[in-house]
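We have chain E already, so just place chains W and Z with the ligands on it with the hints.
Residue numbers (my numbering), protein chains in the order written: chain E, -8 to 466; chain W, 42 to 392; chain Z, 28 to 340.
Derived by calculation from the structure, the hints in this document are not laboratory data.
27 Å max Cα-Cα, derived DSS-like pairs, lysine-lysine:
#, chain 1, residue 1, chain 2, residue 2
1, Z, K224, Z, K146
2, Z, K105, E, K358
3, E, K(-3), Z, K127
4, E, K3, W, K195
5, Z, K146, Z, K102
6, E, K349, Z, K102
7, Z, K127, E, K358
8, Z, K102, E, K358
9, E, K358, Z, K56
Computed far set for chain Z versus chain E, every beta-carbon distance over 10 Å:
#, residue
10, N33
11, V43
12, T85
13, D95
14, K100
15, M151
16, M204
17, N302
18, G305
19, M316
20, T327
Backbone N, C-alpha and C fix where the C-beta goes; we use that ideal spot for every residue, glycine too.
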Amino acid sequence: MNKVIKDLLSRKSFIFSIIIIGFFSILAVAAPALTTYSNPYLPSQQYVAAPYAVPSWATIFPQYKELPPDVSFTFTKYVSSDSSYVTAVNASYIKVVVPPGQTVNVSFPFKWNWSHPYDVVVSFKLLTPSTTSFVVNLYFNGLYAMELCPVPFPVEPAVSISPGKVNSVVFDSKYISPANSPFASELPLSEQPLAAYEFPSYALPKPGTYNVTVSFENTGSSKEVFVMSLPSYSSLGYVYGKLGTDDNGASVFAEFVYGARFDLYLSLLASALIIGIGLFIGLLAGYVGGFTDLSLNALTDFFLLIPGLPLLVVLISIFDVTGTIVNVNKPILILLIISLLSWPGTAKIIRGQTLSLKGRTFVEAAKALGEGNLRILFRHILPNLMGILFAQLAYDVPGVILAESGLDFLGLGITGFPTWGNMLGFATYNVSFINGFAWWWVLPPGIGIVLLSTAFYFFGSAMLDVLSPYKLRGE
Amino acid sequence: MSSTATSEKSVIRGRFHITGLKRYLLKRIAERLVLLFGILVFNFFVFQVLPTLYHINVAELYVPLSYKGLPRSELVQAIDRQFGLNLPLQERFFVYIESLLTFHLGISMHYDEPVLNLIEQRFPVTALLVIPSLLLSTVLAVVLGLYSISRQGKIGDSIVSFTAIMTYFIPSFWLGEIVLYVFGFYLNIFPTNIAEAITRNGVTLHGFAYWASLLKFLTLPILFLTVVSYGVRNILFRNNGVELMGSNFVNYLRARGISDRKIFYKHVTRNAIIPVFTRVGIDLAFLFAGVVFIEDVFNIPGLGRLLVSAAENLDIPLLEGDFYVISLFAVVILLALDLIYPLIDPRVKYE
Amino acid sequence: MIETQNLKVYFKSRDVVVKAVDGVNIKIKEKEIVGLVGESGSGKTTLGRTILNLQRPTAGKVLWNGKDVSKLKGKEEKEFRRQNQIIFQNPYEAVDIRMKVYDIIAEGIRVHKLAKNEKEEREMVMNALREVGLTPEEEYANSLPNQLSGGQLQRVAIARALVLDPSFIVADEPVSMLDMSIRAGILDIFQKLKEEKGKSVLMITHDISTIGYIASNIYVMYQGKVIESGPTDEVLDHPLHPYTKALISAVPLPDPSGRSTLFSTEVREEVEPYNGKGCRYYPRCPFAMNVCKEKEPELTGESNDHYVACFLY
Ligand SMILES: Nc1ncnc2c1ncn2[C@@H]1O[C@H](COP(=O)(O)OP(=O)(O)OP(=O)(O)O)[C@@H](O)[C@H]1O
Ligand code: SF4
Ligand SMILES: [Mg+2]
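Just chain E, same shape as in the assembly (with noise of 0.2 Å):
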């Protein structure tokens, strides 16, 4: 065994396989620990930045470096036209007194260090007076980005307000119209439906110091007295995480380790059900011959021969359009097609292996010994498959997440939650002359894909050379 592992170790391509193989399962075992995101194609996971944010080391690059990350905090600092008006409550609320007639403006300045965001979204809670005769207005640095009124319908673009009461108020650039917003509203007709993307790089153009103003007018003629939270602001930037985001703004690098741990879970399990029916036919018909050899070859020359992928294509089609099979998930009913059309190469090889085995001196010198067929089977034939065997579930590995990525990128494998294969086809699908080249998205998979498949073969090669005592012939 030492020596087994000892020539192992001395070959580079294994090493190699080792490490890509090791690291490719770390990330499937640790993928709960790596990332919050158990499924980013939930619409709960996705927005956790813009759509397309470039990953975070890729500021490095000077294409990249204005670009923003995801903000979010909490302003502390206020200023107003005169102090006397606003007192702090406590650390978080602030008490706004406005005399009759009068308009007081609480301004809350923070700095800005990038380009604009995707979107910005202030957030403040807003106890009112019970009267109706006010406005509350908010500014974004000079942009009119919102007025609350006290009545409930009032004239577009105010929104309404509850007097007397605690209102949650939310501005989200993101869902801006010439409806609620008076900086859409005042944008000429054309651009109003782009309201709600040209907001954040007007209101956040480059970086500098900025300004959110809150501004309460009194309408009335007696005094108001309004109480509001310090505002959070947060934005999503075009910067997130290790591998930025897709066209849904979820996590890439979720996606990936994901997309991992399903395709070595699947791939692993299809070449396992694989090498069984390959190693049960090919054995039965390489050592029984005749006529059961016959048939069973036959039956893999069929296997063979009918056009894999589209008959595949038209399975799952089939399957899914009637519905026939309805209780089976799909991942199950991929495993179970891929293998099903898969085995055939292997069943060949081990026939191969086993006619060749049969036919050695060593296995008639067992029989003369007067061992039985399932001991010579147990004792002599499938020890000196166990290479081949090992080898075929290396090489099998890459079929199957080809064969499965295939369908994934084709739309009809499984789209519910991240594989390589569906992230491949969605990405390449946004691969387009507006959208651009989402690199950070279209290349992990794929890259992920060709590394692990040459691992599991380089792998596959080494165990076939050092496990394998007899020099196997194999096509």
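For chains W and Z with the ligands alone, kept in the frame of chain E given last:
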């Protein structure tokens, strides 16, 4: 002394050779035909028996979910009558086999055109894509293989072999999309839209100009297909060559005083290339099924695309016809291969 | 105890029928070493394998104590296997090189449940190793086949057969793959087997000189047929068949008895291919007559127990 035995045997062999060949041929043809029949039965099972088993009217599968605004139930009934789909399964089977044998492959529901026409239209496009890349990649495989063998174990060999293995595992649809983006959109070297490529000022080109433009459009996919498919052949060639270089065969040639150059370029190459040819033949047999992704990515209206769209639309007449033609082609090529193989490989006799 | 009756083994490969064994009758009695001589490809191994029921005969049968070996079942078959062993031509191919020497030898003990416990099994294995001269036996028991030389491995193969205490052993050219210097050692083992343990051996060889020392009877095979047989001394001193004479004269060793000079028969260049019906040797036979081309000579008794198939006699 043993020469007696051998020469005697070869005499006997000589006498039986012709009948042996005939028997071998007949056996092979019979085997392959049985296989083809098996596949047809299987197709029948998938397309007709399976749905019936699940109480689904096959005619519904013949009709796309929406078709020219006509009410679906009406179409279903019409098709039932037209294709005899309400007949019992065993009768339908004979109708099915008869239609395949007479090449009456029916009319595609999705394209509203005879299946045979569709296949005829697309065949040249796929051929124009596959055959040049088949040649190119074989040449590439052999040239790189020769380099590897001559530098066996050195860094150059490692790099070449490693690259070959990597390219084999590249998901073609993925790299295809990237290549298309980089060369087609970003660098704008190749046309990316076939409709634009084969028209000038809105008029479809004809004759030579048509084929030339088509080829120009296909250059990128051809090169791409070459790169993603040379790997297996390269590795096959290299490993065979390396094995041969260390074999007694080469030692024997050396002992006879034949120069290393000649051994390498003549004997080793000739022997190592045999498995490559077999592989190319097998690739050729599965040609149509193999280029599905590339046609999909590069938007090439070839047979692969046809098949996928048939599958996606569940265009059963097209599927049945397409599968039939593909299997027939594969069987014919494999048969041809069975016959040619012993000619190129002296070690294999008609067995 | 073992005899073959008109045994035929034909191989059909491609369209050629190879008559590896073509109507052979041989007999091996108890406590007897019988030699089987013939050039490469004459069907010696095939005959040996068929005798041990490792190859199905095309026609004829092999009788073991009067029973057809191909019809043995269950217990009887097992007993047949235990009592009749074979040692193969190439020791490297005859053992499973993944297994330790100990396991290779113990395999038979386990199959036939000859040992009551592990201790007994160990003892048997060690004894067998000692018997074939592989000492220190502990060291050999733990080694793997690829750590041994051809001669040592052939001894392991012999030990594997001996551990079952068989009564008959087919030794298929047990020394042909080995160096001259170690051949005598291996042959001595067989000599001892006969003398001390009373075993019968069918000693196959293509080198007639090795057999002279140990065999009491000798069969000469040519292309699937026995063409001469008889007591060893008789055959070696008075070879009748031109082929046997050629074999003896071809012996490369310095021959103390000077036999080779006595019968220096040159072998004719093959002038024409075998026509399928005459004596199989006629294309090479310097004494070929017309009748030789027309029909095959039968094996006929010449003098006491000395048989030959040749029209010269
Ligand atoms: N399993 C087999 N299948 C086909 N032909 C066989 C088989 N075994 C032996 N033969 C053929 O039968 C003939 C006799 O072979 P055999 O091995 O018995 O010769 P041999 O006398 O033992 O020769 P050697 O001295 O080289 O061992 C040869 O022509 C050989 O090719
Ligand atoms: S029978 Fe004739 S050919 Fe055959 S060995 Fe005797 S003399 Fe020679
Ligand atoms: Mg032999």
